[in-house]
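Enquirer: Produce the entire structure from the sequences given, and follow the hints as far as they go.
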Amino acid sequence: MTERPIKVLIAKPGLDGHDRGAKVLARGLRDEGFEVVYTGLRQTPEMVVTAALQEDVDIVGLSILSGAHMTLVPRICQLLQAGGLSDVLVTAGGIIPDDDVPALKAAGVSAVFGPGTTIAEVADYFRANARPRE
Amino acid sequence: MSPPAGGSADGWAADSRAAELCETALAGDRRSLARLLTAVENRTPIAEAALRRLYPLAGKAHLVGITGPPGAGKSTLVAALVGELRAAGRTVAVVAVDPSSPITGGAILGDRVRMQAYAGDRDVFIRSMAARGHAGGLASTTGAACAVLDAAGFEIVMIETVGTGQSEVEVAAAADTTVVLEAPEMGDEIQAIKAGLLEVADLVVVNKGDRPGAQRTASQLRAMLGGRRGQHGPPVMITTAATGAGVPELLAAIDRRRAEGALDDAAATRLARAEAEVRGALADRIGRLLAEPTLAAARETAVRAVAAHRIDPYSAADELLRTLVGPDGRPGSAR
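If you're matching them up, the sequences are chains A and B in order. Position one of the first sequence corresponds to residue 5 (my numbering), numbered consecutively onward. Position one of the second sequence corresponds to residue 1151 (my numbering), numbered consecutively onward.
No lab work stands behind these hints, which were simulated from the structure alone. One or more of the hints may lead you astray.
[Claimed, not checked] A few chain B residues that don't get close to chain A, going by computed Cβ distances all over 10 Å:
hint, residue
1, E1173
2, A1177
3, E1234
4, G1286
5, A1402
6, D1415
7, L1421
8, E1427
9, T1451
10, A1466
11, V1475
[Unchecked claim] Not everything, but these chain B residues come out facing chain A in the computed CB check (under 10 Å):
hint, residue
12, A1269
13, S1278
14, R1379
Built from N, CA and C at the ideal position, the CB exists for glycine as well.
Expert: What follows is the structure, encoded as structure tokens:
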């Protein structure tokens, strides 16, 4: 087996309880052939990064609807880099105003998926941009 | 898994990468440890080179399998055991297996949801694995992943199986101690005497002990699980993993297994595991030999002859094996 599934962490950092979107995405990515680690609600940045490191995921997808993305996302990117995980693709989704996207990208996020994004779009983006396999 | 060490340039590159990852992982770098586990899971050439180095260091950890039906509380119990171990300052790794989709190969690995209080604690390492089509409750590479974590020095390595039915008993060979979880009122005494999962239990746990019927389920299991030929059956315990009730007693029972010799080199499960490992490696190598391009023509001829019923599959297999090892049993020209 040379073709192995891409491994994705879907995480909900911070204090919002809206996890339907994250669960729908996790399920949709499963159907697209991804291995999806789902960690549930109310993750601290440290918990997200610990999970990303131990699971050796290729991609971290952060779902945030609380408005705290400008605090949480850069912190997670920073911790990932400090932990030697700079080759992990970081994406964000949820409710994130367009005006905030440039700053998130500068912090290390490669794509921001807003409402209306299809599962297929996310899956295609992940396949095209995941780090190469060892 | 990989070409033998000292073979091709690729084999050399894999060996030096494996050496580097092993060195850093053994020095305590968790990222290298995670990368080694990925190599093992994906059966890359690095995996075998790494396992050659790590195997001699493994064998000290107590491998504890936690199995039982979906929703019985395996992940919650594992989390409670991790909490108990950490409170005592002991190190622990967890390998949590979840099923892969037979349709797409995708998987939801959700066991971490119940185990997340340990960010930043270096002495806990949790890794999810998709079963990737392997039946039996584990992934085909779960045993090798445990060997890596064992070599990395974790005192206890817990193996959480996929939610099992009655016959996924592979964990019994992979673990030194097999804990079978039941939920209250899941079946009558006939369920308890059916062959399969309960037969391989070293410890039986009725979880969700705060639910009605837990005591009755436990006494039914005690009555029906007497050992073969007058031996004692496995202890039946009650836990409520969500509150921690019964968990210290369970951990004490798990620890007693070490004193009882379950981890000795000659323990039955250790021998069974070693046999499965050697057979697995052997089957892997024969599979790889049979897949050699030089054998393509012979394979094709054999398949067509069998499809046309000119020869039977057994004679065809004998012929292919003769091509591989030569008539006198020495390696033939195939390699």
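Enquirer: Does each hint fit the structure? Answer for all of them.
Expert: Hint by hint, here is what the structure shows:
The beta carbon of E1173(B) is kept farther than 10 Å from every beta carbon of chain A, the shortest such distance being approximately 15 Å. For A1177(B), the condition that its CB be more than 10 Å from all CB atoms of chain A holds, with the nearest at approximately 14 Å. Taking the minimum C-beta to C-beta distance to chain A, about 20 Å, the non-interface status of E1234(B) holds against the 10 Å cut. A cut-off of 10 Å between C-beta atoms confirms that G1286(B) is not in contact with chain A; the least separation is 18 Å.
A cut-off of 10 Å between C-beta atoms confirms that A1402(B) is not in contact with chain A; the least separation is 28 Å. The non-interface label for D1415(B) is consistent with chain A: the shortest C-beta to C-beta separation is roughly 30 Å, beyond 10 Å. No beta-carbon of chain A is positioned within 10 Å of the beta-carbon of L1421(B); the least distance is around 29 Å. Residue placement check: E1427(B) keeps its beta carbon more than 10 Å from all beta carbons of chain A (closest about 19 Å).
For T1451(B), the non-interface assignment is confirmed: its Cβ lies about 26 Å from the closest Cβ of chain A, beyond the 10 Å cut-off. No beta-carbon of chain A is positioned within 10 Å of the beta-carbon of A1466(B); the least distance is around 25 Å. For V1475(B), the non-interface assignment is confirmed: its Cβ lies about 26 Å from the closest Cβ of chain A, beyond the 10 Å cut-off. This hint holds: A1269(B) has a C-beta 4 Å from the nearest C-beta of chain A, less than the 10 Å allowed.
Because the closest C-beta pair between S1278(B) and chain A is about 5 Å apart, less than 10 Å, the hint holds. A hinted interface residue such as R1379(B) counts as satisfied when its beta carbon comes closer than 10 Å to some beta carbon of chain A; here the least separation is about 44 Å, so the hint is violated.
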